[in-house]
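Colleague: Using the hints, position chains B and C against chain A.
So the chains spell out like this:
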Amino acid sequence: MKVGYYPGCSLSGTGKEYDLSIRKVLEKLDVELAELNDWSCCGATSAHATNHFLSIGLSSLNLFQAQKQNLEELFAPCAACYNRMVVAKDELGKGTETAKKISALNNGESTAKVNIINIIQLFEKAGLENISAKTKMNLKGIKAACYYGCLLVRPFSITKFDDAEQPVAMEKIISAVGAEPVDWNYKVECCGGAHSIAHKEIVVDLSKKIIDDAVKHGANVIIVACPMCHSNLDMRQRAMKDTAAIPVLYLSEFVGLALGIDSKELGMNLHFTSTEPILEKVLVKE
Amino acid sequence: MRIGVFVCQCGENIGRTVDCPAVAEAAGRFPGVAYSVEYKYMCSDPGQNLIKNMIKEKNLDAIVVGSCSPHMHEKTFRKAALDAGVNPFLCEIANLREHCSWVHEDIVDATKKAIDLVRIAVEKVKKNTPLTPIRVPVTKRSLVIGGGISGIQAALDIANAGFECVLVEKEPSIGGHMSQLSETFPTLDCSQCILTPRMVEVYQHPKIKLLTYSEVENVEGFIGNFKVTIRKKARSIDESKCTGCGLCVQKCPIKKKAYNEFEENLAHRPAVYVPFPQAVPNIPVIDRTVCTYYQTGKCQMCVKVCGREAIFFEQQDEMITEEVGSIVVATGYKLYSIDKKPEESEIKGYGEYGYGKYKDVIDGLQFERIASASGPTSGEILRPSDNKVPKKIVFIQCVGSRDESKGFSYCSKICCMYTAKHAMLYKHKVHDGEAYVFYMDIRAGGKGYDEFVRRAIEEDHVKYIRGRVSRIYEEDGKYIVRGEDTIAGKPITIDADLVVLATAMIAQPNAVKLAQTIGMSYDKYGFYNEAHPKLRPVEVSTAGVFLAGACQSPKDIPESVAMASAAASKSLVLFGSDFLEREPTVAKVNESVCAGCFYCQKVCAYNAIEKKEIKDRKGNLVKVIAYVNSGLCQGFGTCNAVCPSKSVELIGFNDEQIYAEINAL
Amino acid sequence: MEEEKFEPKIAAFVCNWCTYTGADLAGTSRLKYPTNVKMIRVPCTGRIDPVFIIKAFEKGADGVLISGCHPNDCHYNTGNFHARRRWILFRQLLNFVGIDSTRLHFSWVSASEGKKFVDVVTEVINKVKEQGKFKKYEKINKEFAIHE
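Residue numbers (our numbering), protein chains in the order written: chain A, 6 to 291; chain B, 312 to 976; chain C, 1436 to 1583.
Only chain A is shown next, with the shape it has when bound in the complex:
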């Protein structure tokens, strides 16, 4: 299987281990990644907050590029990139004024046919049975709290992915590799997002609630699918008072562990909060 790959800016910076683990895991799952040529910013955060035209236009550039490369599927691992792209595709499809303006600037190109997928959908495409069959390690003792955040499942009318309030798609992957997902309350709450830079205290407060709820429901690891969420939940743990340290793993890292990939190759040594407690629970299958 071959899919287009749009890493986005985070995956060469704060989310480097996300990129590392994705490449390693997909190699094992026989998924070939074709990186988008000359990709540009997806239009998230600053553009999204200040300029609607840019936030749609930047993503549209990438969608048109994917078209040029004849990609049927474009994989965006970052939830923000994924969200921007599906929204841009939707707006192009609706032919709004913004879409017309964008089209005029791109030699009349006006439609995006490429199917944009997030990491959960990519694993679903690779096949849960396939992943299950390739699982080398025993993750029985691991209780994972799957954290979706806000961008992966919303707005539901556009993403049309899983359920906006009670999503379960990630849990199915966790179960497929033999770990136990926990039922908890904060899986779609906001982590504070980009306020991390300007209003650290907000992010610490919001992220603490998420971590506390996960711990309270017996989780010993939090699984995420977004570099922004990861940095907030992982990095900001140090600033939280009276909060038990809990490893925060990317979904790809977790699947990688199950497939028997070395934790360092997955970049797990790059985390702020130690991943040792979880590594101890990864046992060799008998």
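FYI, nobody ran anything at the bench for these hints, they're computed from the structure.
Quick caveat, the model's predicted, so the values are computed rather than measured.
Think of the CB as a built atom: it goes at the ideal place given N, C-alpha and C, for glycine as much as any other residue.
You may find that some hints are simply not true.
[Said to hold, decoys possible] The list that follows gives simulated cross-link-like pairs (lysine to aspartate or glutamate, EDC-like), each with its CA atoms no further than 16 Å apart:
| no. | chain 1 | residue 1 | chain 2 | residue 2 |
| --- | --- | --- | --- | --- |
| 1 | A | K221 | B | E785 |
| 2 | C | K1494 | B | E967 |
| 3 | A | K286 | A | E185 |
| 4 | A | K148 | A | E185 |
| 5 | B | K423 | C | E1442 |
| 6 | B | K957 | C | D1484 |
| 7 | C | K1490 | B | D966 |
| 8 | B | K668 | A | E129 |
| 9 | B | K789 | A | D218 |
| 10 | B | K724 | B | D867 |
| 11 | C | K1444 | B | D420 |
| 12 | B | K789 | B | E745 |
[Unchecked claim] Residues from chain C that face chain B, not an exhaustive set, calculated with beta carbons under 8 Å:
| no. | residue |
| --- | --- |
| 13 | A1458 |
| 14 | T1463 |
| 15 | R1465 |
| 16 | P1506 |
| 17 | G1514 |
| 18 | G1567 |
Modeller: For chains B and C alone, coordinates are given in the frame of chain A:
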């Protein structure tokens, strides 16, 4: 043809701007006009007598009256014509007042136009043919579909007037949603106490034929002459033998397999069951999906205990045909429900409220059962998960109602009231408890309604918070309700023990199917459309079919009962005469030209076009052509316009008549 | 000179329940409009055969107005929808037949819209006045000497 033209001055109303003598004079010269005259008030007795006398004297066989709008006096002048021996359909009106004298100022122009209008009418009347009103016999029986409070009321009213009535209910017992309610607003009297006597009255009424556990399968015919096919579902109990002793119900070993529908799935029921103790008729039903006998052929405990040999495993569904003259549709509503079985839950848009996930997030009808003295908790307010008394309870209004993005845009109307009632009942039973209500607006229009809500707030200290709830989640056995207090402008969090969602009233799941069976129109939500929103609120566009209760739109009990009585009286109006007279301006098929394309059938809104086989003398089929059922035809003529061979004509407005008018323009 | 005196003939096909009653209301309210329009009452706009319109033009109408109940208000539920669908198609055919389709006007006027009726009629009359007399059929009638 000898046509008489009568020009009315209408005092000065026409005469001031139209030179009436000139009009009469000009009309007198039209070909075919034998006599013309003008008069001050044609509609007055002397005026009508003038018409009658002249018809006789001048031997007229058609008349044109130049007067006010036909909507005013067409009937008057047609009757005058009839009295003088001219068929009323050979009388045409030229509208010289509303369409001429009143809207124009220049007397020369207006007179010219008046002459034109009279000429058009003269040309039309030349093409008119004598018609006689259609007479249709009336079957003086009624069918009432739905045995809730609306259906019960309608059936009783019709039966008490002395006419037979067939009451069809799909559940094993009549009573509907009202029988599930604990108390009713705004008086807090016990719902079953006021309903049960009515149910018994229905059962004992000699004029009411009660068919429970039955559904309407097919409706044929038209006003006064409906033929209805009803499926009487197999109860697996011989009704003629059962005494309703209830031994089979007590002894049935299948206790936990099926949810009790009457208790809104808050309890279980056996495989053989009576929906509730006061059920009418008090005859059990065997649920074949859970009964051991139907799965394995064994058990037969009920057979062993029944002293009357009333258990009838082999019973089949029975088809019953009833002939009725009117139909009252009172199929009621369904609550947009939070099912105990989440996969069956309809509430898809409210995942943030934890539907189906949390046992203590319930809907309004479930709370009714919890508050009901005959309910699963015997009236004690206990929450479903652990049977503890909830000390803090949150009610959320408008779940699904007034919510275009997730639910329905309409207001369910009764939720404001029943939520106030629920909160009150709770406070009356749990004195130290706290009750919160999240609302958008309080809509308490009705006699004593707003006072009732004020009482909940002021006397029972229910805390009303204006705002929506964004999320509910469980934490340590509490339900954390997060919402917004829009008056304080602050987010608010309440750790509740029980949450009650006032979910929307929606149409019955099979409402559309029934509408198509009967030929009723419905809105996009599946509620039935009335014929006119103001002046014909209980009729539907199909003649002889009337609406009662919440099948038309969300309604409370008094409104439903009033509507049911109205629907009943509409039926009784119909039964007041032996024959129905209808305007003969209906469509007719020219059988020799019709090619049987049935395009007319596709455009007919009343299913009035039927197929008719034409056979030769030997009985061989020659062709299949269209046939108009004049009982159903309402005469709007779209069939005539679309017919490629012009073999359907709308009598009174046929092509020839309209071409005559166009030619005279 | 002749242009100035031109008074167009407008044929209006109106439904009995909405527009005819709306025109009655215009009368009851004593609103004023020019005398150029004459109405032909049909039970429903669904009854109007496209040929009626061509016939009206043939018989010397300079403009035709069709008006019925608003969508969803039809006395017969669906008649006006059938009519609407028919006109969408028919408009295109009209040009093909040789009749300027801008001389054909549609509107929805309810029984309570006496004022709207007056506005619509006045507008149609003014528009047709601008367009001038409809001469095509006159020519054909002369050439082929059609006699009734």
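Colleague: If a hint holds in the structure, say so; if it doesn't, say that too.
Modeller: Quick rundown of the hints versus the structure:
In summary, the hint linking K221/A to E785/B is supported, as the alpha carbons are separated by about 12 Å, within the 16 Å threshold. Restraint check for K1494/C and E967/B: the C-alpha separation of about 15 Å stays at or below 16 Å, so the hint holds. For the suggested pair K286/A and E185/A, the alpha carbons sit about 12 Å apart, so the restraint of at most 16 Å is met. With a C-alpha separation of about 5 Å, the suggested pair K148/A and E185/A falls inside the 16 Å cut-off, and the hint holds.
Restraint check for K423/B and E1442/C: satisfied, since their Cα atoms lie roughly 13 Å apart, inside the 16 Å limit. A hinted pair counts as satisfied when its Cα atoms are at most 16 Å apart, and K957/B with D1484/C qualifies at roughly 10 Å. A threshold of 16 Å between alpha carbons decides the hint, and for K1490/C with D966/B the separation of about 11 Å falls inside it, so the pair holds. For the hint pairing K668/B with E129/A, the CA-to-CA distance comes to about 25 Å; that exceeds 16 Å, so the pair is violated.
Our distance criterion of 16 Å between C-alpha atoms is met by K789/B and D218/A, whose separation comes to about 14 Å. With a C-alpha separation of about 8 Å, the suggested pair K724/B and D867/B falls inside the 16 Å cut-off, and the hint holds. With a CA separation close to 13 Å, the supplied pair K1444/C and D420/B stays within the 16 Å bound. As the CA atoms of K789/B and E745/B are separated by approximately 14 Å, the hinted pair is consistent with the 16 Å bound.
Checking A1458/C against chain B: minimum C-beta separation of about 6 Å stays under 8 Å; hint holds. Checking T1463/C against chain B by beta carbon gives a least distance of about 6 Å; that is within 8 Å, so the hint holds. Of the supplied interface hints, the one on R1465/C holds, with its beta-carbon coming within about 6 Å of a beta-carbon of chain B, less than 8 Å. Evaluation of the P1506/C hint against chain B yields a violated restraint, the C-beta minimum of about 14 Å exceeding 8 Å.
Given the 8 Å rule on beta carbons, the hint for G1514/C holds: about 5 Å separates it from the nearest Cβ of chain B. With its C-beta approaching chain B no nearer than about 19 Å, G1567/C sits outside the 8 Å limit, and its interface hint is violated.
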